[in-house]
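A.B. asks: This is what each chain is made of:
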Amino acid sequence: MLDTVEKEDTVISEEEAAQYDRQIRLWGLDAQKSNIGLHQRLRGSHVLLVGLRGLGAEVAKNLILAGVKGLTLLDHEEVTEESCRAQFLIPVGSEGQNRAQASLERAQYLNPMVDVKADTEPVESKPDEFFLQFDAVCLTGCPRDLMIRIDQICSQKNVKVFCGDVFGYHGYMFSNLGPEHHYVEEKLKAVKPSEGTSDGPDTKKPKVDPSETTMVKKTASFCSLKEALEIDWTSEKAKASLKRTPADYFLLQVLLKFRTDKGRDPQPSSFADDSTILRQIRDDVLEAQGLASDLIPDEFVSYCFSEMAPVCAVVGGVLGQEIVKALSQRDAPHRNFFFFDGLKGSGVVDYFATK
Amino acid sequence: PAEVLGPGGETELADSVSSCRVLVVGAGGIGCELLKNLVLTGFKNIEVIDLDTIDVSNLNRQFLFQKKHVGKSKAQVAKESVLQFCPEANITAYHDSIMNPDYNVEFFKNFMLVMNALDNRAARNHVNRMCLAANIPLIESGTAGYLGQVTVIKKGLTECYECQPKPTQKTFPGCTIRNTPSEPIHCIVWAKYLYNQLFGEEDADQEVSPDTADPEASWDPAQTAARAGASNQDGDIKRVSTKDWARSTGYDPVKIFNKLFKDDIMYLLTMDKLWKKRKAPQPLDWAVVQEMAYIQEEVSGQGLRDQQVLGVKGYAQLFCNSVETLRSQLAEKGEGAQLVWDKDDPPAMDFVTAAANLRMHVFSMNMKSRFDVKSMAGNIIPAIATTNAVIAGLIVLEALKILSGDLEQCRTVFLNKQPNPRKKLLVPCALDPPNTNCYVCASKPEVTVKLNVHKTLVQSLQDKILKEKFGMVAPDVQIEDGKGTILISSEEGETDANNSKCLSEFGIRNGSRLQVDDFLQDYTLLVNLLHCEDLEKDVEFEVVGDAPDKAPPAPNVPEEDKNIANGNQDSALPSTSSKVPIEKDDVLIVDSDEEPSSSTMEAAVEMGGVKRKLEDVETGGAGSKRKRLFELPINDDDIIALD
Numbered sequence: 001m002l003d004t005v006e007k008e009d010t011v012i013s014e015e016e017a018a019q020y021d022r023q024i025r026l027w028g029l030d031a032q033k034s035n036i037g038l039h040q041r042l043r044g045s046h047v048l049l050v051g052l053r054g055l056g057a058e059v060a061k062n063l064i065l066a067g068v069k070g071l072t073l074l075d076h077e078e079v080t081e082e083s084c085r086a087q088f089l090i091p092v093g094s095e096g097q098n099r100a101q102a103s104l105e106r107a108q109y110l111n112p113m114v115d116v117k118a119d120t121e122p123v124e125s126k127p128d129e130f131f132l133q134f135d136a137v138c139l140t141g142c143p144r145d146l147m148i149r150i151d152q153i154c155s156q157k158n159v160k161v162f163c164g165d166v167f168g169y170h171g172y173m174f175s176n177l178g179p180e181h182h183y184v185e186e187k188l189k190a191v192k193p194s195e196g197t198s199d200g201p202d203t204k205k206p207k208v209d210p211s212e213t214t215m216v217k218k219t220a221s222f223c224s225l226k227e228a229l230e231i232d233w234t235s236e237k238a239k240a241s242l243k244r245t246p247a248d249y250f251l252l253q254v255l256l257k258f259r260t261d262k263g264r265d266p267q268p269s270s271f272a273d274d275s276t277i278l279r280q281i282r283d284d285v286l287e288a289q290g291l292a293s294d295l296i297p298d299e300f301v302s303y304c305f306s307e308m309a310p311v312c313a314v315v316g317g318v319l320g321q322e323i324v325k326a327l328s329q330r331d332a333p334h335r336n337f338f339f340f341d342g343l344k345g346s347g348v349v350d351y352f353a354t355k
Numbered sequence: 001p002a003e004v005l006g007p008g009g010e011t012e013l014a015d016s017v018s019s020c021r022v023l024v025v026g027a028g029g030i031g032c033e034l035l036k037n038l039v040l041t042g043f044k045n046i047e048v049i050d051l052d053t054i055d056v057s058n059l060n061r062q063f064l065f066q067k068k069h070v071g072k073s074k075a076q077v078a079k080e081s082v083l084q085f086c087p088e089a090n091i092t093a094y095h096d097s098i099m100n101p102d103y104n105v106e107f108f109k110n111f112m113l114v115m116n117a118l119d120n121r122a123a124r125n126h127v128n129r130m131c132l133a134a135n136i137p138l139i140e141s142g143t144a145g146y147l148g149q150v151t152v153i154k155k156g157l158t159e160c161y162e163c164q165p166k167p168t169q170k171t172f173p174g175c176t177i178r179n180t181p182s183e184p185i186h187c188i189v190w191a192k193y194l195y196n197q198l199f200g201e202e203d204a205d206q207e208v209s210p211d212t213a214d215p216e217a218s219w220d221p222a223q224t225a226a227r228a229g230a231s232n233q234d235g236d237i238k239r240v241s242t243k244d245w246a247r248s249t250g251y252d253p254v255k256i257f258n259k260l261f262k263d264d265i266m267y268l269l270t271m272d273k274l275w276k277k278r279k280a281p282q283p284l285d286w287a288v289v290q291e292m293a294y295i296q297e298e299v300s301g302q303g304l305r306d307q308q309v310l311g312v313k314g315y316a317q318l319f320c321n322s323v324e325t326l327r328s329q330l331a332e333k334g335e336g337a338q339l340v341w342d343k344d345d346p347p348a349m350d351f352v353t354a355a356a357n358l359r360m361h362v363f364s365m366n367m368k369s370r371f372d373v374k375s376m377a378g379n380i381i382p383a384i385a386t387t388n389a390v391i392a393g394l395i396v397l398e399a400l401k402i403l404s405g406d407l408e409q410c411r412t413v414f415l416n417k418q419p420n421p422r423k424k425l426l427v428p429c430a431l432d433p434p435n436t437n438c439y440v441c442a443s444k445p446e447v448t449v450k451l452n453v454h455k456t457l458v459q460s461l462q463d464k465i466l467k468e469k470f471g472m473v474a475p476d477v478q479i480e481d482g483k484g485t486i487l488i489s490s491e492e493g494e495t496d497a498n499n500s501k502c503l504s505e506f507g508i509r510n511g512s513r514l515q516v517d518d519f520l521q522d523y524t525l526l527v528n529l530l531h532c533e534d535l536e537k538d539v540e541f542e543v544v545g546d547a548p549d550k551a552p553p554a555p556n557v558p559e560e561d562k563n564i565a566n567g568n569q570d571s572a573l574p575s576t577s578s579k580v581p582i583e584k585d586d587v588l589i590v591d592s593d594e595e596p597s598s599s600t601m602e603a604a605v606e607m608g609g610v611k612r613k614l615e616d617v618e619t620g621g622a623g624s625k626r627k628r629l630f631e632l633p634i635n636d637d638d639i640i641a642l643d
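Respectively, the protein sequence lines represent chains A and B.
With the first letter of the first sequence counted as 1, position 334 gets the number 334 in the numbering used here; the numbers rise by one all the way through.
With the first letter of the second sequence counted as 1, position 117 gets the number 117 in the numbering used here; the numbers rise by one all the way through.
Hint data in this document are derived by calculation from the structure and do not stem from the laboratory.
Bear in mind that the values here come from a model prediction, so they are computed numbers and not experimental data.
Some hints here could point you the wrong way.
[Unchecked claim] From the derived model, a few chain B residues whose C-beta atoms are all more than 10 Å from chain A:
no. : residue
1   : Asn60
2   : Cys86
3   : Thr92
4   : Asn104
5   : Pro382
[Unchecked claim] In silico DSS-like links for lysine-lysine, alpha-carbon gap of 30 Å or less:
no. : chain 1 : residue 1 : chain 2 : residue 2
6   : B       : Lys67     : A       : Lys69
7   : A       : Lys218    : B       : Lys424
8   : A       : Lys69     : B       : Lys417
9   : B       : Lys483    : B       : Lys170
10  : A       : Lys187    : B       : Lys166
[Stated by the list, open to error] Chain B stretches covered by chain A per the calculated footprint, using a threshold of three residues with CB under 8 Å from any CB of chain A:
no. : stretch
11  : 61 to 71
12  : 476 to 487
13  : 505 to 514
The beta carbon of each residue, even a glycine, is placed where N, CA and C say it ideally should be.
Between the sequences and the hints, there should be enough to build the whole structure, so can you do that?
C.D. replies: This is the structure in structure tokens:
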């Protein structure tokens with residue numbers, strides 16, 4: 001879908017150039033060869049964003065500011081008193097309204113050039129074809145099986161898939177850009193000394209001219225979410241790589257299991273009970289894989305309740321930027337997980353696949 | 001908002017968060033994101049200060065602002081926007097400069113912590129000192145393009161912002177600007193100087209006419225007469241100021257054009273030694289240019305106006321038009337008026353674009369679009385929302401540690417564009433202890449400065465050394481001569497009579513000491529002076545112990561986003577500096593005491609105060625076997641055995 005960008009649709013106006021000036025200066029307006037710039041592709045993209053809690057709102061803001069063509073906000077839940085204070089798009093007094101609907105106005109104000117829509121239906125009820133109208137789909141707050149199903153539907157048709165969640169101080173994002181994601185990277189050319197006068201009379205020493213760049217084409221391959229989550233850690237090979245594996249991957253498994261079992265995420269109002277359940281799930285998950293339970297120390301329960309706003313900002317920033325990169329097919333994508341630990345301040349990118 | 005729980009579910013932290021008062025300095029890219037994060041985390045008492053107003057180019061990331069707000073106060077609009085989704089927040093907005101003396105140490109003491117969201121070094125230095133004086137934790141941060149950094153500053157515990165000497169703004173030698181430009185940036189700097197000489201504040205350090213004292217030209221006295229004769233028709237270049245001369249022509253664009261691009265160039269050609277190994281410049285004559293056809297390179301950049309590169313005739317026309325417009329602007333302002341260069345003032349930007357391009361053409365360089373000239377002339381740092389979002393999130397996480405009393409958990413965190421060899425995109429590093437020799441936070445700060453006591457004026461001491469170099473806002477200077485002679489008083493007008501005198505006139509000589517105070521910053525600096533007569537050309541003073549300000553040789557750097565995120569380093573004003581611009585690829589080479597690197601050269605990306613190696617910025621690359629200087633392991637898991 002991304003390779004066929006219509007030219008008529010992509011002429012950039014002076015008004016847009018002024019608004020996007022600072023990011024155009026970062027990305028460049030034109031990719032040399034193909035004459036379709038990063039900004040062009042982005043401006044032709046339609047994105048589906050599922051879930052308008054804290055993380056969803058951050059991703060929405062980032063995509064709208066970057067200037068996608070269209071963003072559909074999908075959420076079937078209602079605004080509660082708590083969710084009002086959890087994100088910055090929902091105005092006060094919106095209790096009882098649909099979350100996506102309530103977020104719409106402030107989201108649209110972020111950038112009138114983007115076509116922002118609200119969809120109030122549950123994502124589980126959407127037919128397969130629904131997802132295929134988008135260039136990218138971003139799932140937040142979704143149960144594991146649903147994410148796996150949507151990932152399968154999308155990747156068959158080259159729709160980019162992103163998942164992300166925040167649990168207390170921890171957060172992650174996952175991406176599946178398909179088995180063959182093409183992109184370009186800009187490399188600075190070292191200008192060779194020459195008798196030519198292209199950049200001044202004193203061209204004896206090699207200079208790096210900021211405007212002399214070359215676009216290098218690359219390809220990256222991604223596996224499915226199912227494959228990424230269903231690694232068998234009992235194999236010898238997997239065990240060997242364990243030392244270099246972020247423990248957050250297993251924490252994610254625990255939290256996704258909680259979500260599936262309880263139909264919600266751990267909440268402060270049932271801190272004691274939820275903590276007990278979390279530890280139990282931790283034991284089960286790790287034991288099933290033949291892993292030591294101290295891989296996730298007991299204290300973990302204290303730090304995975306609620307969506308912490310600053311963690312949403314960090315994960316939403318990385319996730320938002322990955323979506324922008326994938327849509328514009330520029331710069332190496334992070335493959336395929338990003339884990340953020342807000343206690344340590346560390347953010348790690350790692351690739352998980354069965355093969 | 002999401003409850004901030006301690007281990008075991010306690011809510012003390014949440015109580016602390018909702019009751020404390022915090023100060024946010026800056027309401028721009030980082031500031032907007034930070035304010036949002038703070039209120040959503042439960043901070044209730046927030047004060048925000050910013051002297052700037054909203055511009056359309058802010059809207060791609062400063063999300064609290066909309067198009068209808070352009071021209072209004074950032075701090076004020078930010079407050080109003082935040083109240084829309086958090087009406088119970090208690091926010092005070094100041095449309096003001098943090099360097100205003102109203103914001104004294106007592107003001108700062110009102111806050112539990114201060115968070116900077118700034119874009120310039122002068123303000124950062126100042127807030128650093130105020131927080132040291134008030135003994136309040138400061139969270140410092142910066143972003144540029146994809147890169148970002150957060151760090152915590154606490155007096156006595158960590159390095160302050162000024163503990164490590166920062167490279168000062170790159171400057172070019174006068175003769176390069178005036179005689180032998182070899183890169184577009186030289187021409188752009190020249191054009192900005194020209195603007196000031198013609199329309200703005202004339203500065204002796206911003207000469208645009210040929211430099212006859214160029215050591216490279218080294219002509220002997222016998223040739224002097226010949227050269228003087230070859231100078232422009234209107235007489236000896238040096239005796240009449242550029243502005244006076246221009247005025248005498250009525251700011252006639254054609255006459256100005258011919259002087260700058262024909263006569264002065266012809267003069268340069270007589271300094272033939274300069275052109276032995278360089279391609280000689282080629283003068284432009286207005287009449288000849290008029291005969292040319294309008295040539296424009298093929299339409300580029302989506303047909304956008306600013307992306308076009310005009311031909312010589314096009315730029316000559318632009319030069320003419322902008323001179324006429326600026327002339328009117330000047331006339332409107334009345335007698336003795338001066339214009340201040342601003343990249344967002346179209347005729348000013350047109351003028352620099354035209355003048356720089358004409359000079360580039362004269363010196364055989366490919367001309368540049370207005371878009372590119374603006375980047376360089378305006379020190380524009382590319383910016384996107386997501387980098388700011390991440391950094392602002394990290395700021396609040398550090399803030400929470402501080403409020404919990406967990407200062408030892410605080411870290412410097414770097415945001416990279418790509419993961420490093422250890423797969424880290426966000427790299428936390430332990431904070432460094434204070435530099436015991438820091439000229440700001442040491443118990444009795446002291447520096448030694450080399451200068452020529454017979455040539456350095458009191459005014460220069462004040463402006464270039466004490467204010468610009470040492471970051472003071474309102475210095476008071478006493479000579480330690482047993483009499484306590486007051487050299488400079490921060491009280492307006494008191495010591496004006498001293499300004500144009502040389503230091504030696506006050507008995508200052510080699511070994512003299514000055515006690516310098518900035519009472520607002522609660523800062524006292526002892527300055528030892530060494531008299532020196534052989535400083536490099538164009539260098540007025542040297543601070544002993546500084547790394548030399550070399551313009552770096554071109555590094556083979558693959559990344560484009562290495563801009564210094566200190567922003568516009570020389571002033572507290574937003575991006576309207578007329579000083580020498582920083583090049584986009586300004587990676588600074590800092591001589592290291594460490595073992596020689598295995599790569600071609602070590603490059604340090606400096607931002608917000610802490611240097612880091614280029615290897616932190618790239619995915620793999622050279623030097624992965626090198627000891628990682630700036631990343632200290634947090635726990636054993638972070639140490640990976642190197643092959």
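A.B. asks: Tell me, in ascending order, the numbers of any earlier hints that this structure violates.
C.D. replies: 1, 2, 5, 9, 12, 13
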